[in-house]
Amino acid sequence: SQTIHQWPATLVQPVGSPLSLECTVEGTSNPNLYWYRQAAGRGLQLLFYSVGIGQISSEVPQNLSASRPQDRQFILSSKKLLLSDSGFYLCAWSGLGISGNTIYFGEGSWLTVV
Amino acid sequence: GNSVTQMEGPVTLSEEAFLTINCTYTATGYPSLFWYVQYPGEGLQLLLKATKADDKGSNKGFEATYRKETTSFHLEKGSVQVSDSAVYFCALRERGSQGNLIFGKGTKLSVKP
Numbered sequence: 001s002q003t004i005h006q007w008p009a010t011l012v013q014p015v016g017s018p019l020s021l022e023c024t025v026e027g028t029s030n031p032n033l034y035w036y037r038q039a040a041g042r043g044l045q046l047l048f049y050s051v052g053i054g055q056i057s058s059e060v061p062q063n064l065s066a067s068r069p070q071d072r073q074f075i076l077s078s079k080k081l082l083l084s085d086s087g088f089y090l091c092a093w094s095g096l097g098i099s100g101n102t103i104y105f106g107e108g109s110w111l112t113v114v
Numbered sequence: 001g002n003s004v005t006q007m008e009g010p011v012t013l014s015e016e017a018f019l020t021i022n023c024t025y026t027a028t029g030y031p032s033l034f035w036y037v038q039y040p041g042e043g044l045q046l047l048l049k050a051t052k053a054d055d056k057g058s059n060k061g062f063e064a065t066y067r068k069e070t071t072s073f074h075l076e077k078g079s080v081q082v083s084d085s086a087v088y089f090c091a092l093r094e095r096g097s098q099g100n101l102i103f104g105k106g107t108k109l110s111v112k113p
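Going down the list, the protein sequences come from chains Z and Y.
The numbering of the first sequence is our numbering, which starts it at 1 and goes up by one.
The numbering of the second sequence is our numbering, which starts it at 1 and goes up by one.
FYI, nobody ran anything at the bench for these hints, they're computed from the structure.
The beta-carbon is built from N, C-alpha and C at its ideal position, and this holds for glycine as well.
Treat the hints loosely; a few may be bogus.
Here are the computed distance ranges between Cβ atoms for each label pair [what the hints assert, rightly or not]:
hint : chain 1 : residue 1 : chain 2 : residue 2 : range
1    : Z       : 14        : Y       : 70        : 49 to 55 Å
2    : Y       : 78        : Z       : 16        : 49 to 55 Å
3    : Y       : 3         : Z       : 14        : 36 to 42 Å
4    : Y       : 78        : Z       : 45        : 32 to 38 Å
5    : Y       : 40        : Z       : 59        : 24 to 30 Å
6    : Z       : 14        : Y       : 69        : 51 to 57 Å
7    : Y       : 55        : Z       : 73        : 31 to 37 Å
8    : Z       : 27        : Y       : 30        : 45 to 51 Å
9    : Z       : 59        : Y       : 53        : 27 to 33 Å
10   : Z       : 107       : Y       : 78        : 25 to 31 Å
11   : Z       : 15        : Y       : 55        : 44 to 50 Å
12   : Z       : 14        : Y       : 60        : 37 to 43 Å
13   : Y       : 39        : Z       : 84        : 23 to 29 Å
Among the chain Z residues that face chain Y by a calculated CB cut under 10 Å, a handful are [said to hold, decoys possible]:
hint : residue
14   : 7
15   : 11
16   : 94
17   : 101
18   : 108
Isolated chain Y, as found in the complex (with noise of 0.2 Å):
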């Protein structure tokens, strides 16, 4: 079945580190791939999403590339900021499904001043 598999965190950055959280993912068909940011006490939010190989997502300064070769699709920014600290999912789902969304288990992120 499908599955995604993200780092454990929590990780913890500087101001302006360079950011990267691995997510992998096995999937039978084309999925679509996506990164959600939760904020503390919040509900979730897309952050970016890419729906077919070698697409870039983008957005707020964080990018991921979906790879099929390695079937990764790895969120990074190059100057993580305070407000950066959340916790960040990231799912897929089959084209054209009605159904779940398959979420990795969470990669919280704190950023220290």
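The following block holds chain Z by itself, in its conformation from the complex (with noise of 0.2 Å):
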């Protein structure tokens, strides 16, 4: 069966400090990927979206970058945190055919930015 997993569950980072979240999909193969952030009282918002190795497409502009150096791996950077980019972090995949309309979610990452 797949798995995600997204580390680390929890991070408070300084403002103008680096970030970096990590999330690997297992039991799959060429998945698509997805980093989502949800702001308090904000909803779901999709950040990053990637249909392969080095294949990335930004929905939203910000200081926040994303990387996918191997098929089921995906990294969400950043250089300088701002405050604005506290929130839950999730990373989610979906696979291929009938079934990929299916998008699966991680356990998330909640970043206090301070």
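Mind assembling these two chains? They're in different frames, but the hints should get you there.
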């Protein structure tokens, strides 16, 4: 069966510090991968998605970036965090074919920028 | 463009009460419809889905029927439990899409013993 893991689960970072959140998927090949953010009172927002290694689409301009160095690895980064980057970050994946229309989420990472 | 509208919460019910959370959508094509649940401090879990008109998704006592004529996908459960307390999100995705899930704003449910 397929599983998705992301880490760290929680982190507190000072303004201006870098960020790296990592996500891996197991049990599937060539998944579509996603990063979502859930800010307090603002619902779920798609940040990036990727359909293959090195292929990244950005949905919202911001100081975050994403990379996909391997087929089942997706990384969310920032060089300098802002207070407004605080939130709950969710990695997700979807497969191919008929089942590919369903997106499955990881456990989430709580980021607090202070 | 595509959109999802779900009833605003919070919704507070007593244990064993009947639950309905309304969800309506606007879509240009033939979307798949989903309900996700988020328990406190956790990620989103897929609760149920339906991929075409008149399909009924069901899981853990929850049900929702894809109604194309009313563009709705209301979530129901006959008897809620305290453990059902969570935030529920309705969402749609165009069939064959490699892009975004369109989410509603979420409905917080609290079930009191």
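Right, here's what the structure says about each hint:
1. For the pair residue 14 (chain Z) and residue 70 (chain Y), the supplied restraint of 49 to 55 Å holds, since their beta-carbon distance comes to about 50 Å.
2. Here the CB-CB span from residue 78 (chain Y) to residue 16 (chain Z) is close to 52 Å, well matched to the stated 49 to 55 Å.
3. Taking the beta carbon of each, residue 3 (chain Y) and residue 14 (chain Z) are about 37 Å apart, inside 36 to 42 Å as hinted.
4. Remark: the range hint 32 to 38 Å for residue 78 (chain Y) to residue 45 (chain Z) is upheld by a beta-carbon distance near 34 Å.
5. Take residue 40 (chain Y) and residue 59 (chain Z): their Cβ atoms lie about 27 Å apart, and the range 24 to 30 Å holds.
6. Taking 51 to 57 Å as the suggested C-beta distance range, the pair residue 14 (chain Z) and residue 69 (chain Y) conforms, at roughly 54 Å.
7. The supplied range of 31 to 37 Å is met by residue 55 (chain Y) and residue 73 (chain Z), whose beta-carbon atoms lie about 34 Å from each other.
8. For residue 27 (chain Z) and residue 30 (chain Y), the Cβ-Cβ distance of about 29 Å falls outside the hinted range of 45 to 51 Å, so the restraint is violated.
9. Between residue 59 (chain Z) and residue 53 (chain Y), the C-beta spacing of about 29 Å keeps the proposed range 27 to 33 Å intact.
10. Between residue 107 (chain Z) and residue 78 (chain Y), the C-beta spacing of about 30 Å keeps the proposed range 25 to 31 Å intact.
11. As the Cβ distance of residue 15 (chain Z) to residue 55 (chain Y) is approximately 48 Å, the hint placing it in 44 to 50 Å holds.
12. At about 41 Å, the CB distance of residue 14 (chain Z) to residue 60 (chain Y) agrees with the hint of 37 to 43 Å.
13. A C-beta distance of roughly 26 Å is found between residue 39 (chain Y) and residue 84 (chain Z), which places it inside the suggested range of 23 to 29 Å.
14. Residue-level restraint check for residue 7 (chain Z) is violated (minimum Cβ-Cβ distance to chain Y is 12 Å; threshold 10 Å).
15. With a cut of 10 Å, the hint placing residue 11 (chain Z) at the interface with chain Y is violated, because the nearest CB-to-CB distance is about 15 Å.
16. Restraint check, residue 94 (chain Z) versus chain Y: the minimum CB separation of about 8 Å is within 10 Å; hint holds.
17. Of the supplied interface hints, the one on residue 101 (chain Z) holds, with its beta-carbon coming within about 5 Å of a beta-carbon of chain Y, less than 10 Å.
18. Taking 10 Å as the C-beta cut-off, the interface hint given for residue 108 (chain Z) holds, the closest approach to chain Y being about 4 Å.
In this structure, the hints that do not hold are numbers 8, 14, 15, in rising order.
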